[in-house]
Amino acid sequence: MQLKWEDTAINGNGNNGARIGVYICHCGTNIAGKVDVNAVVESVANLPGVVIAREYKYMCSDPGQELIVQDAKEFDLNRVVVASCSPHLHELTFRRATANAGKNPYLMHMVNIREHVSWVTDDPASATEKSKKLVKAAVQRIFWHEKLEPRRFPVNPNVLIVGGGIAGIHAALTLASAGKQVYLVERKPTIGGHMAQFDKTFPTLDCAACILTPKMTAVRQHPNIHLMTYSEVSEVSGFVGNFKVKVKRYPRYIDEEKCIGCLECIEACVYKEGKYVNEFDLGLGKRKPIYMPFPQAVPPVPVIDPATCIEFKSHKCPKGCMEVCGDRDAIDFAQKVQEVELEVGTVIMATGFKTFDPNRVPQYGYGKFSNVYTSLEVERLVNASGPTLGQVVMRDGRRPESIGVLHCIGSRDENTNKYCSRVCCMYSLKLAHLLKEKTGAHIYNFYIDMRTPGKGFEEFYKRVLEEGVSMIRGKVAEVSAWPQSPAEEGKLILRVEDTLLGVVRRIPVDMVVLSVGMEPHADVAEVRRLFNLGCSVEGWFLERHPKLAPVDTFTDGIFLAGCNQGPKDIPDTVAQAGAAAAQSMALIDKRYVEMDPNTAWIDEELCSGCHVCVAMCPYTAIHFDAEKKVAVLNEALCKGCGTCVAACPSGAAQQNLFRDEQLFAEVEGVLV
Amino acid sequence: MKTHPSGFEPRIIGFLCNWCAYTGADLAGVSRMKYAPNIRILRVMCTGRVDPSFILRAFQLGAEGVLIAGCHPGDCHYQEGNYKALRRATLLRKMLAQFGIEPQRLRLEWISASEGERLRDVVNEFTEQVRRLGPLHAEVLRREPIAA
Chain A
126 MQLKWEDTAI NGNGNNGARI GVYICHCGTN IAGKVDVNAV VESVANLPGV VIAREYKYMC
186 SDPGQELIVQ DAKEFDLNRV VVASCSPHLH ELTFRRATAN AGKNPYLMHM VNIREHVSWV
246 TDDPASATEK SKKLVKAAVQ RIFWHEKLEP RRFPVNPNVL IVGGGIAGIH AALTLASAGK
306 QVYLVERKPT IGGHMAQFDK TFPTLDCAAC ILTPKMTAVR QHPNIHLMTY SEVSEVSGFV
366 GNFKVKVKRY PRYIDEEKCI GCLECIEACV YKEGKYVNEF DLGLGKRKPI YMPFPQAVPP
426 VPVIDPATCI EFKSHKCPKG CMEVCGDRDA IDFAQKVQEV ELEVGTVIMA TGFKTFDPNR
486 VPQYGYGKFS NVYTSLEVER LVNASGPTLG QVVMRDGRRP ESIGVLHCIG SRDENTNKYC
546 SRVCCMYSLK LAHLLKEKTG AHIYNFYIDM RTPGKGFEEF YKRVLEEGVS MIRGKVAEVS
606 AWPQSPAEEG KLILRVEDTL LGVVRRIPVD MVVLSVGMEP HADVAEVRRL FNLGCSVEGW
666 FLERHPKLAP VDTFTDGIFL AGCNQGPKDI PDTVAQAGAA AAQSMALIDK RYVEMDPNTA
726 WIDEELCSGC HVCVAMCPYT AIHFDAEKKV AVLNEALCKG CGTCVAACPS GAAQQNLFRD
786 EQLFAEVEGV LV
Chain B
29 MKTHPSGFEP RIIGFLCNWC AYTGADLAGV SRMKYAPNIR ILRVMCTGRV DPSFILRAFQ
89 LGAEGVLIAG CHPGDCHYQE GNYKALRRAT LLRKMLAQFG IEPQRLRLEW ISASEGERLR
149 DVVNEFTEQV RRLGPLHAEV LRREPIAA
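Protein sequence lines correspond, in order, to chains A and B. Per my numbering, the first sequence starts with residue 126, numbered consecutively. Per my numbering, the second sequence starts with residue 29, numbered consecutively.
Hints should not be assumed to be uniformly reliable.
Where chain A lies over chain B, by a calculated footprint (3+ residues, C-beta under 8 angstroms) [to be verified]:
1) 38-49
2) 53-60
3) 108-119
4) 125-139
5) 157-165
For the record, the hints were derived by calculation from the structure and aren't laboratory data. Quick caveat: nothing in here was measured; it's all calculated off a predicted structure. In this text, a Cβ means the ideal position worked out from N, Cα and C, and glycines have one as well.
All chains, please: the whole structure from these sequences, using the hints.
Structure below.
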């Protein structure tokens with residue numbers, strides 16, 4: 126392809142050649158502090174096609190955009206190049222400005238000379254040179270731009286919320302009360318998430334279940350919320366406004382419609398006592414094969430675990446459960462996995478977190494010494510509906526007279542997780558308070574820093590200090606049971622450097638509480654592939670912008686709420702869930718989405734019928750017309766990746782906004 | 029940053045995919061990470077869009093190195109475009125050797141949207157590698173394409 130670009134002043138679209146306006150933004154000192162913007166203007170002002178070249182302090186501001194509008198009129202521009210920040214920030218802004226100037230918005234191209242030049246280059250001369258080349262490339266590229274129309278698609282008003290913890294619950298209630306149909310999918314047999322496992326919440330010491338269960342009941346009763354528990358999303362396809370989702374519903378062997386929640390089936394089970402690990406109580410308590418995860422579970426329907434229920438093993442169980450259920454006939458051992466298909470417009474990910482596994486730090490003796498607990502286990506211990514009915518009784522049956530609460534387990538550590546998990550200082554203080562209240566024991570909190578930034582947090586810290594809890598500044602190095610004096614017999618000994626006193630101490634305690642940090646779920650890699658989401662290095666779902674778009678993702682139409690985006694406490698989780706619901710609503714109420722028309726098309730005349738593109742398309746947007754013997758592209762299915770265009774040997778396939786001519790022009794512009 | 033004894037500064041073109049690598053480069057910018065200024069970044073929606081003829085054209089016009097950066101395998105925003113890029117780059121490197129262009133001058137990297145640091149390291153390392161390889165051999169460099 127001959128590319129003498131002086132020839133490219135095409136008389137496209139009824140204009141007499143390209144008339145380009147070039148705008149170099151200072152962005153305050155962000156760009157101008159490193160790049161000589163005047164030199165860049167000078168370098169492009171005399172390029173063929175350039176009618177006006179300017180620099181301006183803030184192109185994205187109203188007067189900046191107004192410049193484009195004015196110049197378009199005065200100089201009869203038909204192309205605009207803006208050299209400023211990343212198109213991810215302001216491409217839409219400048220497309221709108223171009224449209225306001227009465228020109229087609231796709232006759233505008235942005236050059237990134239901030240994130241990709243001024244912010245990453247030390248030497249001003251190199252930065253200026255690089256900017257000149259990039260702007261020149263854009264000027265050459267824009268000759269080949271054509272008028273295009275954005276594509277519009279309707280938005281399905283239904284919403285899918287994945288995860289039924291406090292984040293998912295709050296988002297669901299918000300959207301449902303706005304009249305949207307919400308599908309709430311939760312993989313456990315009950316909603317409530319981790320919050321249902323807590324006893325009291327900081328700093329108000331509200332009972333977690335008391336504030337959560339009314340919301341859980343509201344979810345169950347709301348006509349607009351379709352609750353699917355014991356279910357998982359198995360497949361996602363489509364795009365913003367038009368997602369098709371498959372959900373697998375696992376059998377609980379009890380019919381949710383028929384069950385009245387009397388729980389007599391659990392009473393009547395052949396097992397007189399619980400024998401199997403109770404997951405909700407983290408193994409501290411036992412359950413029968415037929416069980417309720419916790420008393421206020423929603424839906425209030427028991428679950429039968431096929432791995433432990435005798436009927437599944439021998440088929441000979443007298444089935445006391447069925448007998449006592451009688452003519453309600455809610456128990457159904459023949460239930461199978463069901464697959465449900467949903468059509469939704471937006472998705473909110475509210476899948477939460479898991480706690481750090483203390484087996485990774487064996488120096489703290491978790492699993493080795495029976496009286497070492499994680500913080501979440503202690504929540505169950507102090508909870509009145511927990512395995513010990515709220516009594517602080519340790520695994521060996523004793524009641525502790527001294528307790529050590531170890532902050533930062535797994536967190537702020539080069540060897541495990543580098544980040545601070547945000548909530549642990551506050552919940553450690555809370556647990557110290559609760560344990561002190563219930564046992565009167567001597568409590569020690571071992572901390573690196575005390576992080577109490579929220580409303581009422583510092584006041585709570587002061588209160589716990591006044592209650593006589595000992596605060597020792599030093600992260601505990603190890604927990605051992607090797608006594609070196611009579612006072613240490615039968616105790617767990619904490620070795621710690623007390624940095625305020627400047628000595629290494631050995632502190633004997635009866636019980637150790639490990640304040641474990643938050644981590645992403647173990648299966649986050651699979652879940653993100655399902656939804657096509659990015660993750661940060663640690664595994665948290667990636668937000669579109671850490672400050673200005675904390676609930677959006679890079680996949681339009683999918684939003685984040687709660688701890689799956691990063692550690693946070695309940696108030697922040699609820700706030701974020703509200704934000705995600707709002708973003709979802711904004712899309713739904715707009716009724717349509719506009720997508721950039723960067724789709725591909727195939728020129729029938731040039732197509733040689735080689736079939737190469739047909740198999741390339743991951744969206745099966747191309748099929749072969751056997752009659753005409755050419756490939757035909759369905760624009761509605763095209764997502765605009767351009768793979769077929771790169772593969773086409775005849776140049777018959779082209780991509781709008783990323784035409785071969787445009788890219789060749791850019792390559793030339795930066796090199797020649 | 030070291031300089032070639034002759035003061036030679038290579039020109040490098042980068043084709044970065046919009047969703048991962050380009051965003052990763054934005055992150056490097058936002059985090060004010062500094063890297064070698066030799067690279068000129070061009071945006072494509074997917075590395076699957078990168079036609080081998082763009083790369084050949086780049087070398088023909090005097091680029092001393094070409095970087096293609098896209099999403100990690102399995103993470104492509106368009107499912108499989110990055111695999112196509114991988115296949116094309118592999119084949120193209122064989123051809124480049126036959127043209128007298130060192131295959132190391134074409135580099136394919138997977139850089140995710142959160143890997144600003146990795147982008148900086150890749151750009152610095154690649155720039156240094158190309159600097160050591162030196163300018164393209166004179167007979168390879170042809171400013172004008174062969175007349176059609």
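Between the region 108-119 of chain B and chain A, are there enough contacts, at least three residues with CB-CB distance under 8 angstroms, for the coverage claim to hold? holds (count 4)
Coverage claim, chain A over the region 125-139 of chain B, checked by counting residues with Cβ within 8 angstroms (three needed): violated (count 0)
How does the coverage statement for the region 157-165 of chain B fare against chain A, requiring three or more residues with Cβ below 8 angstroms from a Cβ of that chain? That given contact is violated, which follows from only 0 residues of the region 157-165 of chain B lying within Cβ reach (below 8 angstroms) of chain A.
For the region 38-49 of chain B, does the count of residues with a C-beta closer than 8 angstroms to a C-beta of chain A reach 3? holds (count 4)
Assertion that chain A covers the region 53-60 of chain B - criterion: three or more residues, beta-carbon distance below 8 angstroms: holds (count 6)
In this structure, the hints that do not hold are numbers 4, 5, in rising order.
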